[in-house]
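Participant: Chain by chain, the residues run as shown.
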Amino acid sequence: MRKVYEDRGVEALREVTFEVDAGELVCVVGPSGCGKTTLLRCVAGLLPPTAGSVRVGGVPVTGPPPRMAVVFQEYGRSLFPWMTVRQNVELPLKEKKVPAGRRNELVAGALAAVGLADVADAHPWQLSGGMQQRVAIARAVAYEPQVLLMDEPFAAVDAQTRADLEDLILALWRDLGVTTLFVTHDIDEAVYLGQRVIVLSGSPTVVMEDLKIDLPPERDQLTTRSLPRFADLRGRLYAQIQRARGDR
Amino acid sequence: MNETGRDAARVKAPGEAPGPGRGARAGWAGRVAARVLTVAGVPALLVLAWQVYSSLSENFYVPAPGRVARAFVETWFSERLLDDVLPSLARLLAGYALAAAAGVGLGVAIGLSPRLRAAAEPVLEFFRAIPPPVLVPLIMVLAGIDDGMKVLVIASGCVWPILLNTVEGVRALDEVLSDTCRMYGVRGPSRLRHLVLRGASPQIMAGLRQALSIGIILMVISEMFASSSGLGFTIVLFQRGFEIPEMWSGILLLGLLGYTLALLFRRLERRVLSWHRGRGVDRA
Numbered sequence: 001m002r003k004v005y006e007d008r009g010v011e012a013l014r015e016v017t018f019e020v021d022a023g024e025l026v027c028v029v030g031p032s033g034c035g036k037t038t039l040l041r042c043v044a045g046l047l048p049p050t051a052g053s054v055r056v057g058g059v060p061v062t063g064p065p066p067r068m069a070v071v072f073q074e075y076g077r078s079l080f081p082w083m084t085v086r087q088n089v090e091l092p093l094k095e096k097k098v099p100a101g102r103r104n105e106l107v108a109g110a111l112a113a114v115g116l117a118d119v120a121d122a123h124p125w126q127l128s129g130g131m132q133q134r135v136a137i138a139r140a141v142a143y144e145p146q147v148l149l150m151d152e153p154f155a156a157v158d159a160q161t162r163a164d165l166e167d168l169i170l171a172l173w174r175d176l177g178v179t180t181l182f183v184t185h186d187i188d189e190a191v192y193l194g195q196r197v198i199v200l201s202g203s204p205t206v207v208m209e210d211l212k213i214d215l216p217p218e219r220d221q222l223t224t225r226s227l228p229r230f231a232d233l234r235g236r237l238y239a240q241i242q243r244a245r246g247d248r
Numbered sequence: 001m002n003e004t005g006r007d008a009a010r011v012k013a014p015g016e017a018p019g020p021g022r023g024a025r026a027g028w029a030g031r032v033a034a035r036v037l038t039v040a041g042v043p044a045l046l047v048l049a050w051q052v053y054s055s056l057s058e059n060f061y062v063p064a065p066g067r068v069a070r071a072f073v074e075t076w077f078s079e080r081l082l083d084d085v086l087p088s089l090a091r092l093l094a095g096y097a098l099a100a101a102a103g104v105g106l107g108v109a110i111g112l113s114p115r116l117r118a119a120a121e122p123v124l125e126f127f128r129a130i131p132p133p134v135l136v137p138l139i140m141v142l143a144g145i146d147d148g149m150k151v152l153v154i155a156s157g158c159v160w161p162i163l164l165n166t167v168e169g170v171r172a173l174d175e176v177l178s179d180t181c182r183m184y185g186v187r188g189p190s191r192l193r194h195l196v197l198r199g200a201s202p203q204i205m206a207g208l209r210q211a212l213s214i215g216i217i218l219m220v221i222s223e224m225f226a227s228s229s230g231l232g233f234t235i236v237l238f239q240r241g242f243e244i245p246e247m248w249s250g251i252l253l254l255g256l257l258g259y260t261l262a263l264l265f266r267r268l269e270r271r272v273l274s275w276h277r278g279r280g281v282d283r284a
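Chains as they are written, first to last, in this note's numbering: chain A, 1 to 248; chain B, 1 to 284.
These aren't lab readings, by the way, just hints derived from the structure by calculation.
Check each hint, because a few of them may be wrong.
Derived contacts from chain B toward chain A, CB cut-off under 7 Å, selection only [as the list claims (entries may be wrong)]:
#1 L177
#2 Y184
#3 V186
#4 R198
#5 R279
Chain A is nowhere near these chain B residues, computed Cβ spacing over 10 Å in every case [what the hints assert, rightly or not]:
#6 A44
#7 L86
#8 L124
#9 F126
#10 F127
#11 E175
#12 M205
#13 S213
#14 G241
#15 L252
Note that the structure is predicted; figures quoted are calculated from it, not measured.
Don't be surprised by glycine CBs; every beta carbon is placed ideally from N, CA and C.
Produce the entire structure from the sequences given, and follow the hints as far as they go.
Facilitator: See the structure below:
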């Protein structure tokens with residue numbers, strides 16, 4: 001994927017070029033205001049890049065690709081408040097013309113996977129923030145995407161919920177083998193989740209580093225985070241981000 | 001808070017053993033009485049004041065409430081119900097439905113298109129500013145003096161709040177939700193149904209509510225001009241024939257009608273916007 005993007009005289013992304021292999025989980029970090037969300041919206045086909053292109057499976061992206069799902073940061077605004085949890089998860093499948101039987105299976109499976117089977121008939125606003133974000137994740141999972149984009153999905157939930165949700169994402173990613181691009185501002189989260197971490201510079205944005213995370217594939221909140229290698233990687237990324245901010 | 005709670009518990013703990021049951025029942029009866037008093041108190045006082053005034057004064061134009069009540073029953077529980085009340089209501093509903101369809105339809109189109117909105121908005125504000133009753137003579141000339149004219153008058157007054165509120169509601173749709181629809185292939189009629197109309201429904205309902213009271217006013221006014229039936233027509237007829245209690249009873253009927261329609265509307269609104277209210281309570 002390669003993209004240069006300029007926006008109304010504001011250069012959000014100068015030159016951001018990277019690739020994500022099929023089935024990979026790649027995290028994108030960068031100082032705040034560096035255009036992470038812009039990048040993600042371009043990849044999602046919600047914004048056209050000014051120059052360059054986004055390709056998914058070799059096909060250039062001109063609008064939201066059919067087999068791509070997104071989990072937005074603003075869970076409270078990405079769920080339909082007038083629909084129940086089940087209806088929220090089901091709507092994209094109806095639009096995809098998935099037959100009713102298979103649809104029920106997918107919805108039930110996705111809700112069970114995120115541990116929300118028992119609140120399927122509640123409305124999103126009756127749930128806590130973490131649970132709402134799990135609904136959004138279930139909706140993405142039920143959609144059976146090839147590519148899953150996540151835009152700082154856990155920025156607005158508390159620490160404990162966040163750890164749970166991180167493990168949920170890892171488990172789902174492992175089970176489904178879906179190519180995942182995870183945008184975050186949290187270095188620890190990026191190292192913990194990613195197979196690779198891409199560090200963006202401050203604006204004008206370029207890729208500063210593409211770091212392979214050579215931690216064991218099985219990750220655990222306690223043991224992984226206390227590995228010396230975790231601290232190494234974390235320290236290295238931290239220094240990079242500091243430099244990115246200093247350069248500005 | 002905690003402190004007072006404990007105090008209350010301490011006071012109650014050694015309290016009289018048989019007390020609580022009787023106390024609770026008395027409290028319940030008291031609450032019902034208080035509620036009845038709150039709801040019926042002011043109307044009862046008003047009727048009483050009216051009674052006192054009419055019995056003291058010899059004013060021919062202010063009959064006693066009992067006299068008006070009798071006139072009410074005699075006048076409206078008769079063929080007038082079929083000849084005047086129902087046609088009035090039918091025209092009101094027809095005009096209101098027409099305005100709702102046009103207002104929501106146009107409002108969605110204008111709200112979704114920034115260019116259309118920029119072009120249409122000043123004109124809309126101008127039309128909204130024209131007091132609808134002045135359209136009656138114009139529409140009479142254009143459309144005659146039959147039912148069509150009255151329906152048109154009602155619709156032409158009701159449409160503006162519905163239209164402008166719909167535009168506002170559609171314009172304010174959540175961007176994240178809109179992006180979500182794009183990502184998950186929710187488009188076309190499905191987007192209209194699941195995102196646009198539902199998302200704008202709080203504003204649309206607000207517009208419909210304003211339009212309802214405008215509609216009732218225009219229903220009466222349109223019938224006061226050239227007409228041979230309807231509530232407005234009948235009230236004017238009574239006034240000209242010096243049938244004063246009957247005239248009052250017509251005003252009373254209009255009040256009751258407006259009240260009932262507003263009540264029905266509130267029930268509808270509660271159903272349509274249950275998600276909205278729930279979310280509001282949740283935030284508070």
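Participant: If a hint holds in the structure, say so; if it does not, say that too.
Facilitator: Hints versus structure:
1. Annotation: B:L177 was flagged as interfacial toward chain A, and the flag holds, the nearest CB pair being 6 Å apart, inside 7 Å.
2. With a cut of 7 Å, the hint placing B:Y184 at the interface with chain A holds, because the nearest CB-to-CB distance is about 4 Å.
3. At its closest, the beta carbon of B:V186 sits 5 Å from a beta carbon of chain A; the interface hint therefore holds under the 7 Å criterion.
4. Look at B:R198: its Cβ gets to within about 5 Å of chain A, closer than 7 Å, so that hint holds up.
5. Of the supplied interface hints, the one on B:R279 holds, with its beta-carbon coming within about 4 Å of a beta-carbon of chain A, less than 7 Å.
6. Residue-level check passed: B:A44 sits 41 Å from the nearest beta carbon of chain A, beyond 10 Å.
7. For B:L86, the requirement that its beta carbon stay farther than 10 Å from each beta carbon of chain A is met, with the minimum near 36 Å.
8. Consistency note on B:L124: stated as away from chain A, and its beta-carbon is indeed over 10 Å from all of that chain's, at 27 Å minimum.
9. Once the 10 Å rule is applied to beta carbons, B:F126 is consistent with being away from chain A; the minimum gap is 33 Å.
10. With a closest Cβ-Cβ approach of about 31 Å to chain A, B:F127 is found to remain outside the 10 Å limit, as its non-interface label requires.
11. For B:E175, the shortest C-beta to C-beta distance to chain A comes to about 8 Å, within the 10 Å cut-off, and the non-interface label is violated.
12. At roughly 13 Å from the closest C-beta of chain A, the C-beta of B:M205 stays outside 10 Å, upholding its exclusion from the interface.
13. Non-interface call for B:S213 relative to chain A: holds, since the shortest CB-CB distance, roughly 26 Å, exceeds 10 Å.
14. Distance to chain A confirms B:G241 as a non-interface residue, since its nearest Cβ pair spans about 53 Å, more than 10 Å.
15. Even its closest Cβ contact with chain A, about 40 Å, leaves B:L252 beyond 10 Å, as expected for a residue assigned away from the interface.
Hint compliance for this structure: hint 11 alone is broken.
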